[in-house]
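Note that the protein sequences, when read in sequence, are chains A and B.
Quick note: the first sequence uses this note's numbering, first residue 18, plus one each step.
Quick note: the second sequence uses this note's numbering, first residue 261, plus one each step.
Treat the hints loosely; a few may be bogus.
[As the list claims (entries may be wrong)] Simulated restraints on C-beta separations:
id : chain 1 : residue 1 : chain 2 : residue 2 : range
1  : B       : ALA335    : A       : GLY223    : 22 to 32 Å
2  : B       : ASP309    : A       : MET230    : 42 to 52 Å
3  : A       : LEU26     : B       : GLU365    : 15 to 25 Å
4  : B       : PRO328    : A       : LYS173    : 41 to 51 Å
5  : B       : THR275    : A       : SER234    : 26 to 36 Å
6  : A       : VAL27     : B       : VAL300    : 42 to 52 Å
7  : A       : LYS173    : B       : GLY354    : 16 to 26 Å
8  : A       : SER234    : B       : GLY319    : 53 to 63 Å
9  : A       : ARG25     : B       : LEU310    : 44 to 54 Å
10 : A       : SER222    : B       : GLU365    : 34 to 44 Å
11 : A       : LYS35     : B       : ASP339    : 40 to 50 Å
[Stated by the list, open to error] Derived, one-sided and incomplete: chain B residues facing chain A with beta-carbon distance under 10 Å:
id : residue
12 : HIS262
13 : ILE266
14 : VAL274
15 : SER287
16 : ALA288
17 : HIS290
18 : GLY298
19 : VAL300
20 : LEU305
21 : PRO347
22 : ALA370
23 : MET374
These are calculated hints, taken from the structure and not from any lab test.
Using N, Cα and C, we set each Cβ at its ideal position, and we do this for glycine too.
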Amino acid sequence: MTPSGQTRLVDVRINVFKKNDLLARELRTRFQHSGIHVISLVSSPGSGKTALLEKILTKLRQEFKVAALVGDLATENDAMRLARSQAAVKQIITGTICHLDAEMVRNAIEDWDIDELDFLFIENVGNLVCPSSYDLGEELRLVLLSVTEGEDKPLKYPTIFNTADVAVVTKIDLAEAVEFDWALAERNIQTVRPGMRVIKVSAKSGQGLQECMELFSALRPNANTTANR
Amino acid sequence: MHELSIVLSIIEGVTEEAKLREVTSVSAVHLRVGALSGVVKQALLFAYDLACEGTLLEGSQLIVEESPVVVHCSACDADHALKPAQPFCCPVCGAYTTDVLQGREIQVVAMEIM
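Produce the complete structure using the sequences and hints provided.
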């Protein structure tokens, strides 16, 4: 410890996320001016972000100009999977970092003309903890929960559900096999994020995909007026 | 585990403040960590000493104050602190609320300087 009497206590206010928050705000403004909708996906590893995104990109690109960024600690596997949709895709390899931040997003889109795009999807690193602290400048954050993970994920990881806008329950084709309790899952989601919209999908069967599409196309009229997070 | 990057941001912010005040050594940093910040105190402390080496903060102590989630309840028009892991509803009237006033922050609130 320090010698007493010599030290002074000084009040300061340093927001530790300030750098990221400022950059995210800048990005959000830029996205709004460009008229691009930026949607991020967060979830635990293996809950089906890439599978869902591949379907979404394939459908959306029939009508819109779409692109995707995908974050992982290693490999370009997800980018290769997403590239099958024929949308512009870029992999962000984070090395040992467990989340994406606003700077990584800014650097990744540097050589893209975002004015030309209608939608940008950002698939975060599979992690239910760290991504919740980092604003990426997105307009909409989807949190995915697969039926195989159990109904209590929202209670175990309230922060990520609380910072997301819409919950997407995935792999619903497996719901019966794992005896997924819909009422309990819904209750748990509403406990940590009252009023949260819940969409149920199966990337495999295509069930619920239409509702996802409607969610995205409903964003269109409000291109430049969406509220800040 | 993003505590190391958070610790590096703390060091960067405190070093900036210290330089503004022409301080050459910081002996302690007081940090407020909200219950919804997604950060674990133990992991912060673990990363802190190592990350401070060779900086103005070398040898300093990190004092973490954990702050509860505070919500505003529109039904009773009052602010209430929630106990950890409590559902997002008013502890007085039971109405659901998403109006989080406090609990997401990670903020350096004070530093002890020589």
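Results for each hint:
1. Under the hint 22 to 32 Å, the C-beta atoms of B:ALA335 and A:GLY223, about 41 Å apart, miss the expected range.
2. For the pair B:ASP309 and A:MET230, the beta carbons lie near 51 Å from each other, so the given range of 42 to 52 Å is met.
3. For A:LEU26 and B:GLU365, the Cβ-Cβ distance of about 20 Å falls inside the hinted range of 15 to 25 Å, so the restraint holds.
4. The hint said 41 to 51 Å for the Cβ distance between B:PRO328 and A:LYS173, and at roughly 19 Å that hint is violated.
5. Under the hint 26 to 36 Å, the C-beta atoms of B:THR275 and A:SER234, about 47 Å apart, miss the expected range.
6. One distance hint, 42 to 52 Å for the beta-carbon pair A:VAL27 and B:VAL300, is violated here, with the actual separation near 27 Å.
7. The beta-carbon spacing between A:LYS173 and B:GLY354, approximately 23 Å, falls within the hinted interval of 16 to 26 Å.
8. Take A:SER234 and B:GLY319: their Cβ atoms lie about 57 Å apart, and the range 53 to 63 Å holds.
9. Take A:ARG25 and B:LEU310: their Cβ atoms lie about 26 Å apart, and the range 44 to 54 Å is violated.
10. Separated by about 42 Å at the C-beta atoms, A:SER222 and B:GLU365 satisfy the suggested range of 34 to 44 Å.
11. In this structure the hint that A:LYS35 and B:ASP339 lie 40 to 50 Å apart at CB is violated, the actual value being about 24 Å.
12. Taken as an interface hint, B:HIS262 checks out: its beta carbon lies about 4 Å from the nearest beta carbon of chain A, inside 10 Å.
13. With its C-beta approaching chain A no nearer than about 6 Å, B:ILE266 sits inside the 10 Å limit, and its interface hint holds.
14. Checking B:VAL274 against chain A: minimum C-beta separation of about 7 Å stays under 10 Å; hint holds.
15. The interface hint given for B:SER287 holds, since its Cβ lies 4 Å from the closest Cβ of chain A, which is under the 10 Å cut-off.
16. Hint status for B:ALA288: holds, given a least beta-carbon distance of 7 Å to chain A, under 10 Å.
17. A least Cβ separation of about 8 Å between B:HIS290 and chain A falls short of the 10 Å threshold, and the interface hint therefore holds.
18. A least Cβ separation of about 5 Å between B:GLY298 and chain A falls short of the 10 Å threshold, and the interface hint therefore holds.
19. Satisfaction of the interface hint for B:VAL300 is found here, the shortest Cβ-Cβ separation to chain A being roughly 9 Å, below the 10 Å cut-off.
20. A distance limit of 10 Å between C-beta atoms decides the matter here; for B:LEU305 the minimum to chain A is near 15 Å, and the interface restraint is violated.
21. Hint status for B:PRO347 relative to chain A: holds, with the closest Cβ pair at about 4 Å, below 10 Å.
22. Interface restraint check: B:ALA370 against chain A, minimum CB-CB distance 5 Å, threshold 10 Å, status holds.
23. The closest approach between the C-beta of B:MET374 and any C-beta of chain A is roughly 6 Å, which is under the 10 Å cut-off, so the hint is satisfied.
Checked against the numbered hints given earlier, this structure breaks hints 1, 4, 5, 6, 9, 11, 20; the rest are met.
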